[in-house]
Structure formats: structure tokens, C-alpha cells
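A.B. asks: Each chain, letter by letter, is given below.
Protein chains: 2
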Amino acid sequence: MKIFLIPCPIAENTSTEVLPPQILTALQQTTHFLVENVRTARRFISELKLGIQIESLTFEVLDKDTQSKTVTDFYKKHSSVEYIGVISEAGCPGVADPGALAVSIAQQQNIEVIPLVGPSSILLGLMGSGFSGQSFAFIGYLPIDKAARIRKIEQLDRDVAKWGQTQIFIETPYRNNALLEDLIAQCAPDSLICIACDVTAPSGFVQTKKASDWAKAQPDLHKKPCIFLLGK
Amino acid sequence: MKIFLIPCPIAENTSTEVLPPQILTALQQTTHFLVENVRTARRFISELKLGIQIESLTFEVLDKDTQSKTVTDFYKKHSSVEYIGVISEAGCPGVADPGALAVSIAQQQNIEVIPLVGPSSILLGLMGSGFSGQSFAFIGYLPIDKAARIRKIEQLDRDVAKWGQTQIFIETPYRNNALLEDLIAQCAPDSLICIACDVTAPSGFVQTKKASDWAKAQPDLHKKPCIFLLGK
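If you read the sequences in order, they're chains A and B. With my numbering applied, the first sequence covers 874 to 1105. With my numbering applied, the second sequence covers 874 to 1105.
Think of the hints as simulated: they come from the structure by calculation, not from any bench. Errors might be hidden in some of the hints.
No copy is singled out in the list; a pair is fine if it fits within one copy or between any two copies.
With a straight-line Cα cutoff of 30 Å, these simulated DSBU-like cross-link-like pairs (lysine-lysine) come out [said to hold, decoys possible]:
(1) LYS1082 with LYS1035
(2) LYS1035 with LYS1019
(3) LYS875 with LYS1082
(4) LYS949 with LYS1019
(5) LYS949 with LYS1096
(6) LYS1035 with LYS1025
(7) LYS1083 with LYS942
(8) LYS1097 with LYS1083
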């Protein structure tokens, strides 16, 4: 048994552009899947038009609430299966997305894991930012509490200026505009903020500007998938 | 003018498996390139057999010694060109590789940058480690000085245990075995170390084991491209 870690598109209708051939080959070999959302996973595989009989595939849910036992039982039950695929909702399984549990258990059981190449908004944002890629950190969500969030932004802004490590973070899409306002208000006017919005989509953009320049023309990021970066 | 950030393979003879169609489309549209190494870039494009006349392409070197002026002059001289491609030696431009300078100057000049999907050994290592992808840091090289390196490893090991942020780092390939020995010696016996070696190559592997288990059977990593991760 081997585990394919299968990335999927991060923007609609981009499968044929962003997925490398190795993903299509892996999907054609795989019959059993651990997926964040069964409906989405079925649609993803179906839309690729690989001639796969979706009804013949076996799916088990692997989301943030999944317990170790579910994965362990799945591996045990299907131990004679050649390949198991792990698919999360968008991008790369295990990177700001569920999937790490399936990999962690596979590693403990000496099951070979094969990560496949695919889109990651974090990596694409970093590439497009122009910030240092020699040292960077993805820190997930900033604190929700206003005071804690302001302290965190001030600390990140100082750390970037001092150490130069690029800081990457995300927000719940309906709070993107509020986060950008906080960043503009708390960072020094000359600090560079990069927004990677809807990357790989035709409407997407990756733009780096000074906080004071974002203040002059704040884009509407409401409900759009965004990555935020501070760096130099 | 727009800037394509063009990833290239990280293992030999894998172009046809790991590169998504959008890279081939971009290369067919691009005539001017900023590249880490002209010979390698020519060979990369040539091997894709896209029918591109390599002799008709314009290349300028963009490596770690390149000054801002070189890039600025290149953009100015070729301002009427539709697309400029940035290609580094392996993987994604700007991520543990030169390229950020070209992007940073493009961002300053409001030139659109378009990061394309491709292989990153850092991201593939993270996916395959089973460690947290909710919070992770790439820190580049550890200190060369023995005492400083030991202190750094001890600090990383403690930080991972305490905060859970996955720590990712690299070493000059001929010192990989020495680094693994240091990790085994300095980390707690139960600490998890992941080695992602030659990922995307048929001989590659991504394995996570306790320090004490690596000690029992240390793989030969000499001169092989590796990513090291500490996490939980």
C-alpha cells in the first residue's frame, strides 16, 4: 500500500492548467480515497474526464474532526489496496488543510507516502510577493480578539523589519477587508504588505505595496480567497 | 509587460510528469528570460520539445550576485516585450532560490507578476512529513559553526515540542550525513525527524522517524538533494 497526496485546484475551472500529468496518472491508479469532502472530491475527479467510474471508488471522510482510529481502521480494512489517495478541499493536502493525520499515521506504519506537485496559494503568494524565500513562516490565522490581533501585527511588523523572515497568514474570507484595514493601521507606513488574491484564477492578482499605498486604494477582498504576507 | 515565475523540475527527467500545462503555455509565449544559469535554462526549455527556437530567445543572468540595476535595465530595455520569464535552477523561483529580486522590482514598477504552479521540495517535504501544515517555517541553512549549530538544533527541538511549528531546513548536499548525525545526537530520542530526499525522483523518499530510529539505520544522504524537517 502507498499513499498518494493529491493536490487539487484552488480556483474554479483551472484543473487543465494547474495540474501536472503525475496527478492524472495517480488518479487513474487509485481506487480508495481519504477526502475532506466526498461530494467535492467526486466532482473534482469527475470533471477531469479520465474515464474513471466514480461509483466504483471508495471514499472516507478525513476532515479536521477526524480521529486517528478512523484512519487506522481505513488502512487496516484496505491493506491489500495498492494506492490510497488523500485529497483536501483546495490545494495541497496537509498544508493549511487536513491531511497531515493520514500522512502521520502512514509514516508510523512505514507506509510509503508520495507527495504530488500541485497548486498551493501559500507558495504562489510567496513566489509572487518578491519577499525573501530564503526564510519564511506560515502562521495560519491571526488572533480574532482585537487587542491580541493588533499586538500580533505590531510584533510581526517589527520582526520582519528586524529579522527579514517573510510572514504569511490567512483570514476567514468574509473578514479579509477588516484584516487589511488592521494591517494598514498597525504597520509602519513604509512596511510592505503583499496580497495574493484568488491566485491561478483569471481575476486573481499578487500585489506588493507599502501600507501607505494600500491605504490610498483599498481593494475589495470580501469573500475572496486571499493570502497575506509581510516581508522585505 | 508581465512576469511569469516559471518553476522547473527538481529531479532529472521528470518534466513530463511534474510540470502543469500552464508552464508549457507560458514558455511558448515568452521570448525574454531572467535565469539563474543560462546553459541550464536553455537545456530545460529545449528538453520540453515545444518547438521553440532556443537561439531566438534572450537570456540575462539573475543569480545571488545580481544587482538591482541589472534587472531594472533589463525591464527598461525590453519594456515593449509582452512576457518575461524568471527561471531558477530547480523548483520555484524566489523560494530558497534567486528570483525574488526580479519580482520585487516588478512589484515596485507595478508590473504584473504571474506565479505558476510547479515542484517545490520544501512544500513536497512538508506534505509528506505528516507534520503540521497549519504553522511552519523554512529557515534555510543551519549555522556552520559546530557550537552554534548544536545550540540551534536544541532550540528548534524545544520550540517544536513547545509550539508545534514545523521547522524546515536544508544543508549543502555533501554535509547532509553530518547534519543528520547532529540532529540524531542533539534532538530528544522521541523527537520526530523527517527527511525528504530526492523528491519526485523514482529513487526519492519522504520518511518521518524518531531520532532514536534514524540512529539505528542512518541512510546515506551524501550529495543527494534533501530537505530536513522537525515537527510533530
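A.B. asks: Please write out, lowest number first, the hints stated earlier that are contradicted by the structure.
C.D. replies: 4, 5
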